[in-house]
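J.: Listed in order, the protein sequences are those of chains A and B. Residue 1 is where the first sequence starts when you use the working numbering, and the numbers rise one by one after that. Residue 1 is where the second sequence starts when you use the working numbering, and the numbers rise one by one after that.
It should be emphasised that the hints constitute simulated quantities derived from the structure, not laboratory data. On a predicted model such as this, the values are computed, not experimentally measured, just so you know. Hints are supplied without guarantee of correctness; some may be wrong.
The calculated DSS-like cross-link candidates involving lysine-lysine, where the alpha carbons are at most 25 Å apart (straight line), are [to be verified]: (1) K370(A) <-> K128(B); (2) K108(A) <-> K45(A); (3) K128(B) <-> K55(A); (4) K127(B) <-> K371(A).
To list a few chain A residues with every Cβ distance to chain B over 12 Å, as calculated [unchecked claim]: (5) L222; (6) I226; (7) E340.
The C-beta atom is built at its ideal place from N, Cα and C for all residues, glycine as well.
Here is what each chain is made of, one letter per residue.
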Amino acid sequence: MITYEFLQKYWWFIMSLLAGVLVFLLFVQGGQSMLHSLSRKEDEKKLLVNALGRKWEYTFTTLVTFGGAFFASFPLFYSTSFGGAYWAWMILLFCFVLQAVSYEFQSKPGNIFGTTTYRIFLFINGLLGTFLLGVIVATFFTGSEFTVGKGNIAGLGVAGPVISQWQNPLHGLELLADLRNLSLGFAVLFLARTLANLFFVNRLNHEVLEQRSRKFVLFNGLPFVIFFLIFLVQILIADGYAVNPATQEIYLEQMKYLHNFIDMPVIMALFLLGVATVLYGIIRTVFDSDFKGGIWFSGAGTIVTVTMLLLVAGYNHTAYYPSSVDLQSSLTLQNSSSSEFTLSVMAVVSLLVPVVAAYIFYAWRALERKKLSLEELHSDGHAY
Amino acid sequence: MDLISASAVNWSRAQFALTAGYHWLFVPLTIGLGLIMAVMESLYVKTGDEKWKTVATFWQKIFGINFAIGVATGIILEFQFGTNWSNYSWFVGDIFGAPLAIEGILAFFLEATFISIMFFGWNRVSKKMHLTSTWLVFIGASLSAFWILVANAWMQYPTGMEFNPETVRNEMVDFWAVTCSPVAYNKFLHTTFSCWAVGAAFVVAVSGWYLLKKRHTDFACRSIRIGSLVGLVAFVMLAVTGDGSAYHVAQKQPMKLAAMEGLYEGKEGAGLVAMGMLNPAKQAYNDETDPYIFKIELPKLLSLLGYRNIHAFVPGITDIVDGGYTLSDGTTALSFRERKERGELAIRALADYQTAREQERDADAANQESILRENYAHFGYGYLDTAEDLIPNVPLTFYSFHLMVMIGVYFILFFLVMLYYTGKKDLHNSRWLQYVALWSLPLAYLASQLGWVVAEVGRQPWTIQDILPVQAASSAISSHNVVTTFILFAVLFTGLLVAEVTIMVKQIKKGPEPAAQEKVSHPQG
């Protein structure tokens with residue numbers, strides 16, 4: 001029986017999965033943040049740019065789809081977070097605008113700002129795009145300063161006609177003052193860089209870059225693990241935002257997220273499996289010089305880990321977007337989702353996702369049959 | 001906490017207009033060129049003539065430059081509904097979010113996935129697969145436009161929804177009514193043909209320049225042949241679908257139609273202003289000043305276009321404000337004052353419903369709900385202060401509309417002449433026509449922008465027609481934040497536009513590279 005509650009949970013799963021795929025695809029951004037440090041010569045840089053440049057649209061499109069799907073399934077999150085944490089989102093979007101033109105424009109004559117500027121744009125996108133996304137995702141556990149009053153639009157209350165009100169004048173920049181948010185921000189940044197190195201090892205037909213990438217897997221993998229553990233331990237021992245299923249009242253519960261893991265053993269098992277798979281991809285790439293498939297292990301592990309982490313934020317009677325200034329304003333799957341009808345329509349649309357995945361798989365394979373080398377760049381007809 | 005301010009609302013509107021305007025500089029070329037290069041590549045695959053491949057690959061290169069900046073400007077638009085129009089996002093997100101999500105899942109992925117095969121796959125997939133990819137890029141871009149325009153059309157003609165006082169939002173009850181609304185499909189067709197028109201004008205202009213410089217003349221003639229054909233079809237269809245748009249606007253947004261025509265006093269058998277100049281001395285909708293300095297009118301045509309009846313009454317701005325005329329369903333139109341009162345009643349009923357529910361007074365809640373439903377069609381009027389709030393910028397709407405139509409008529413003639421010269425006369429030696437082709441390009445872009453000015457300025461103050469005006473749709477964010485992001489985007493987009501134009505000019509000056517292209521061989525096709 002497909003109930004409203006089932007649809008809300010289904011859509012939270014879809015959003016979590018999309019977030020997982022997005023974090024995996026951030027390897028493009030991770031690579032952009034290392035264009036300078038990983039390469040010594042111009043042709044090496046060009047090879048890195050072209051390897052990433054054939055994938056940037058996937059990350060970008062996933063981000064756009066993530067936004068659209070969140071709007072369609074949980075519109076109150078869209079109006080509360082985007083309208084409130086204005087600067088966090090605007091800076092993030094600004095970074096992605098910079099990225100979108102930088103591949104195509106950087107080596108074209110007449111680009112005005114010069115190749116270096118566009119590569120700096122890519123660097124900024126690589127650094128801030130990943131970091132800020134991590135910071136924002138962390139607020140799903142740590143909370144933000146907002147209130148929600150649906151009656152405001154009808155003149156109820158004293159806060160004016162806007163339903164979602166952000167209570168901090170910094171509009172999202174204050175999220176940077178929370179150590180837990182910063183931990184996840186850095187964890188995502190270093191994870192993206194690690195995944196990028198694994199991608200280069202797999203993808204490039206260039207011995208020097210491959211060796212250097214293997215070293216960089218270690219240099220970035222270690223800080224990733226440390227920052228991720230700091231974040232994880234902090235949220236597991238902290239108070240979490242629980243929902244009373246009978247009254248929908250929101251209250252603080254000690255170690256709520258740890259309880260969620262324990263209450264949902266399948267999710268915990270998959271989470272641990274995901275983490276183990278990420279680590280396997282990293283460790284084997286570092287120690288086995290013939291192993292090139294690390295990106296597939298760590299990539300799949302990333303998708304599973306992030307998906308499970310976000311399920312923990314929203315399932316088991318938990319407020320997935322908590323308000324730290326007014327508990328009852330916190331967003332839950334119940335109070336922020338679209339109507340049952342809209343969620344059903346969108347669920348039918350989501351059945352076409354495997355078709356989308358199938359043609360993406362086809363396109364990826366079609367272009368990846370041969371490894372990318374400097375010679376290939378000149379014969380493919382289109383290079384950045 | 002920030003209270004909503006008029007300044008923040010206006011800056012948010014300006015920011016949306018800025019980003020939408022920039023986005024719409026690039027999207028039409030993506031879609032229009034997408035079709036033209038797909039046709040060219042089809043000719044290459046069908047005939048095996050390498051010269052068609054040279055033509056197709058050159059336009060694909062131009063397409064790539066343009067696609068990147070189109071994508072860059074597009075992402076801001078989607079997220080801006082949340083960042084700057086927070087109330088809107090909740091109030092209608094249940095309906096409005098769905099087409100945006102479907103666009104991402106089903107259309108944008110199609111375009112973005114196959115674009116990589118189109119660019120990098122010449123040596124990696126078969127000829128036929130490459131051609132399929134090129135067509136899928138065009139289809140993806142068009143589908144993308146479809147879903148975005150479904151969303152836009154719904155703002156102009158909200159349908160398939162019901163207000164839920166419990167959740168304080170409009171909820172979708174009929175997906176097909178939203179997706180297949182007559183306004184949506186007409187808007188999709190009109191907008192798509194406008195994209196073809198821009199693509200065609202671009203191809204013909206660049207090719208005209210090559211002919212002027214006596215370079216790549218074979219390439220230019222081939223491009224002009226395809227471009228002119230697409231252009232003529234596009235502009236004729238723009239006229240046909242434009243007629244459909246006028247009809248829907250008359251039925252669903254009479255104030256917009258009145259602004260498009262500068263019509264203050266309504267009349268039966270109203271004429272269509274073919275050309276005219278508005279009187280700047282007219283300050284208020286109800287002063288006695290003649291709205292025109294001069295006008296040339298085509299008798300009865302406005303009644304015919306708007307109502308399919310040459311004797312039909314077309315209400316002017318004053319009629320819409322004062323009410324009292326007979327609507328097409330036989331009822332009498334309410335005045336602004338009456339609609340405002342009923343809108344305020346609806347808003348108050350919503351507040352009372354919420355309070356009654358909180359205090360568990362179910363009978364009172366039911367009573368308030370029925371008052372709300374009875375008056376919900378006027379809900380948005382409750383947020384307006386004066387009748388002037390209801391009237392869009394008339395000169396901007398009027399001139400945009402008329403200039404757009406004039407440019408459209410000009411292009412029909414232009415493409416007819418181009419096709420005639422391509423088929424019967426010597427295009428190589430008709431330098432005047434080559435100049436005309438080159439200098440017509442800005443007109444195509446201008447008409448394309450003006451179309452959106454008419455559509456969006458003409459429907460102010462509404463974000464959702466009659467339901468939610470801009471001042472109730474915004475986020476609670478102070479204006480200095482929005483001013484800062486406005487400046488950031490204005491500077492960034494302008495810089496990127498300049499870069500894009502100079503890159504394109506360089507690529508065009510460099511021209512197609514037949515020798516390099518013809519060396520490329522395909523695997524089994």
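J.: Confirm or reject each hint.
T.: Evaluated hints:
Restraint check: the Cα-Cα separation between K370(A) and K128(B) comes to about 20 Å, which is no more than 25 Å; the hinted pair holds. Simply put, K108(A) and K45(A) have alpha-carbon atoms about 16 Å apart, close enough for the 25 Å limit, and the pair holds. A distance of roughly 23 Å separates the Cα atoms of K128(B) and K55(A); the hinted pair therefore holds under the 25 Å criterion. Taking the CA atoms of K127(B) and K371(A), the gap is near 21 Å; set against the 25 Å cutoff, the hint holds.
With a least beta-carbon separation of about 33 Å from chain B, L222(A) lies farther than 12 Å from that chain, consistent with its non-interface assignment. The claim that I226(A) is not at the interface with chain B holds, since no C-beta of that chain comes within 12 Å of its own (minimum 32 Å). Listed as a non-interface residue, E340(A) fails to keep its Cβ farther than 12 Å from every Cβ of chain B; the least gap is roughly 9 Å.
Checked against the numbered hints given earlier, this structure breaks only hint 7.
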